[in-house]
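A.B. asks: Residue-level listing of the chains:
2 protein chains.
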Amino acid sequence: MPDLLIRNIHPMGLDAQDILIRDGRIAAIGTGLAAEGAEVVDGKGAIAIPALVDAHTHLDKTTWGMPWYKGRKGGDLQALIDNERNERRAIGLDVHRQSMRHAIRLVENGTGHIRSHVDVDTDHKLTLLEGKLRTRAALKDAVDIQIVAFPQSGLMVRPGTYELLDEALAMGADVVGGLDPSSMDRDPKGSLDAIFRLAGKHGKPVDIHLHEYGELGSFTLEEIIARTEALGMQGRVGVSHCFCLGMPDPLRVGQLMERVARADIRIFTTGHPSAEVPSLQAMRAAGIKVGMGCDGIRDTWGPWGQPDMLHRARIVGMKNRMRRDDELELLLDVASRGGAEAMGLEAPGLAIGGPGDLTLVAGETLAHAVVEEAPRPLVVKRGRVVARDGVLALAGVTMP
Amino acid sequence: MPDLLIRNIHPMGLDAQDILIRDGRIAAIGTGLAAEGAEVVDGKGAIAIPALVDAHTHLDKTTWGMPWYKGRKGGDLQALIDNERNERRAIGLDVHRQSMRHAIRLVENGTGHIRSHVDVDTDHKLTLLEGKLRTRAALKDAVDIQIVAFPQSGLMVRPGTYELLDEALAMGADVVGGLDPSSMDRDPKGSLDAIFRLAGKHGKPVDIHLHEYGELGSFTLEEIIARTEALGMQGRVGVSHCFCLGMPDPLRVGQLMERVARADIRIFTTGHPSAEVPSLQAMRAAGIKVGMGCDGIRDTWGPWGQPDMLHRARIVGMKNRMRRDDELELLLDVASRGGAEAMGLEAPGLAIGGPGDLTLVAGETLAHAVVEEAPRPLVVKRGRVVARDGVLALAGVTMP
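Residue numbers (this note's numbering), protein chains in the order written: chain S, 1 to 400; chain L, 1001 to 1400.
Bear in mind the hints are in silico, worked out from the structure with no lab data behind them. None of the hints are false.
DSS-like mimics (lysine-lysine), calculated; alpha carbons at most 27 Å apart, straight line: (1) LYS201/S to LYS125/S; (2) LYS1070/L to LYS44/S; (3) LYS125/S to LYS70/S; (4) LYS1044/L to LYS70/S.
Because the structure is a prediction, the values reported are computed rather than measured.
Next up, chain S with everything else stripped away, as it sits in the complex (with noise of 0.2 Å):
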């Protein structure tokens, strides 16, 4: 592959640099850089940032560009499991092909790394991460996509689903996923037992979703918390929304993110507009890894949300009360950088030697590009164009 040289950026809005990448990698970063034979793109004065990285999704999930799904349910959280496993079939949700419409739409706004949970179940099976590692195939020119066997419709509740997970994690899934292991799995130990064994088997991290409010969220949280220290998982445990670090009690959310700082857990957050959830600025002073996710896009369970992050950026900071430059900023680190440092990623910066992906965005500051509703202009991988004005530009690679 040539080099790439793209002239006249602004690195993080900095002043205007050319960026030379070579095998994949940052080579140089200066004014009047020249390259014999590389391929020269215009940057055109955009400003450059790292990749976006969506940390926290479901590819399997989404009905983007299906027909209008019109079976959407309220209840609780059981009702919309049960719904999602049930229609799945009758509706026609072919993994492989809506997880290639959720994937590219991503990269097409600028997002280098995804981590997708996969459901496993036992109606399921393994079809859908089937699906989905096709996905990944078809995309690895594109975008680095992590993998978490999710036991969405249980792991106790539903004998048989522990297997699957194990033979997910033999077939090419990268993370152990868990669902609120007191309050759908009704038994903590068992659950977080399970789920840290298959960790220490396949030499996986951890990824749990934990909705989980109040007192029972921290409790459950505590018991994650120790298992992590005790098996000596610092650092490859993440848990996803944790919901019970928003809850109204300062003092209490303040010890228990010092105790995940210290575990050196993972959170990941989508800023939900409706739940209490874990103030960034918070969880960022208390030294706590932090990445950001789009979670389900109009999927069987809500109609919201874009393949977007910084759609989603703005969904989190509107939550978290942020409006200046500065805090703006703090959410597009979250949202690239941050996020990859949190999935355990080399994370990038935009230096020498640093991975060749990055996006240029639309603004005159990074603070505008986050609010700026536009097309990314470019979208680099690996120092290969993969993406023109939010349109997939890869060969071989059309939207299906």
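Chain S is fixed; fit chain L onto it per the hints.
C.D. replies: Positioned in the frame of chain S, the structure of chain L alone reads:
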């Protein structure tokens, strides 16, 4: 003006029809309509809804289209108010130009009615109102703008403001505004008496910003209810935000909502993403007439928002945990017909004899139209096409 015949549209998502608009009102709805000399437009099978209604915004505040504003501050409400009052001239915020930009984008996005608060204070006196009156006149064929004379910097705490409000109402402001009679004006009795005195003198309705939380807000709300009933102002008093109706005390909130409904006080919500807000579903169930607004857009207060009522409907819907189609249809009703009703206007319903204000929207169903991010194909005001495909199309008016 010739008649307007719009062919092949789905009113409210129902079967395809034609709509004929004559003399600003809907003259016929049916299939195969014809009208000699009419301007004929092909609706291409899109869904038609009544004009969207922005029932709470601030056209005099936006920096839309100006250089990125970097001076946003943290701090409390008073700090934000002072920052704005002091910065208006420094950043060159020309109210006529900016309110044109804001209102035209609302029109392009299908808005037919706007209620806009305009700051009246002893620094800027009536200059902001003057700029907005020019905008109202310039856009009279495209959108109806109600102007609220709004003491943003306080009424009781800044002597001279009362007289300015009095003058503003004489000059053409339509509604008497107010701001947090307890927490900001520090004199709820004096503040409310002054507001209602102005309303009586000018025979105009009232719309009070009430950010006060919990019991303080409830106390102020009770005082508003008492004056509304004592003065026979039922149906002519609005409360914007009314965060106190979002407090986590269902019994107290239920009783207050019942009293608000009985006094026929209208509530205007913006679904503020980081505040406790009143439940839209609960307000409608209590029989309260509710409107929805975009509030400030990219102003000195905050960077968020879009001048688009469907964008705002999504924020309000997410905040209210809506997900089902019937919930999204309720949302759309509040953002259009319901908002007009709450503002005291003739509430359109795409019925023969009703106002010829409508917009076409993208999407297969009403619910889909709420979440689909796409330009409005056609916007019609009193039988005149004012925008096509998201761009103003009104002779003699251009985006400044």
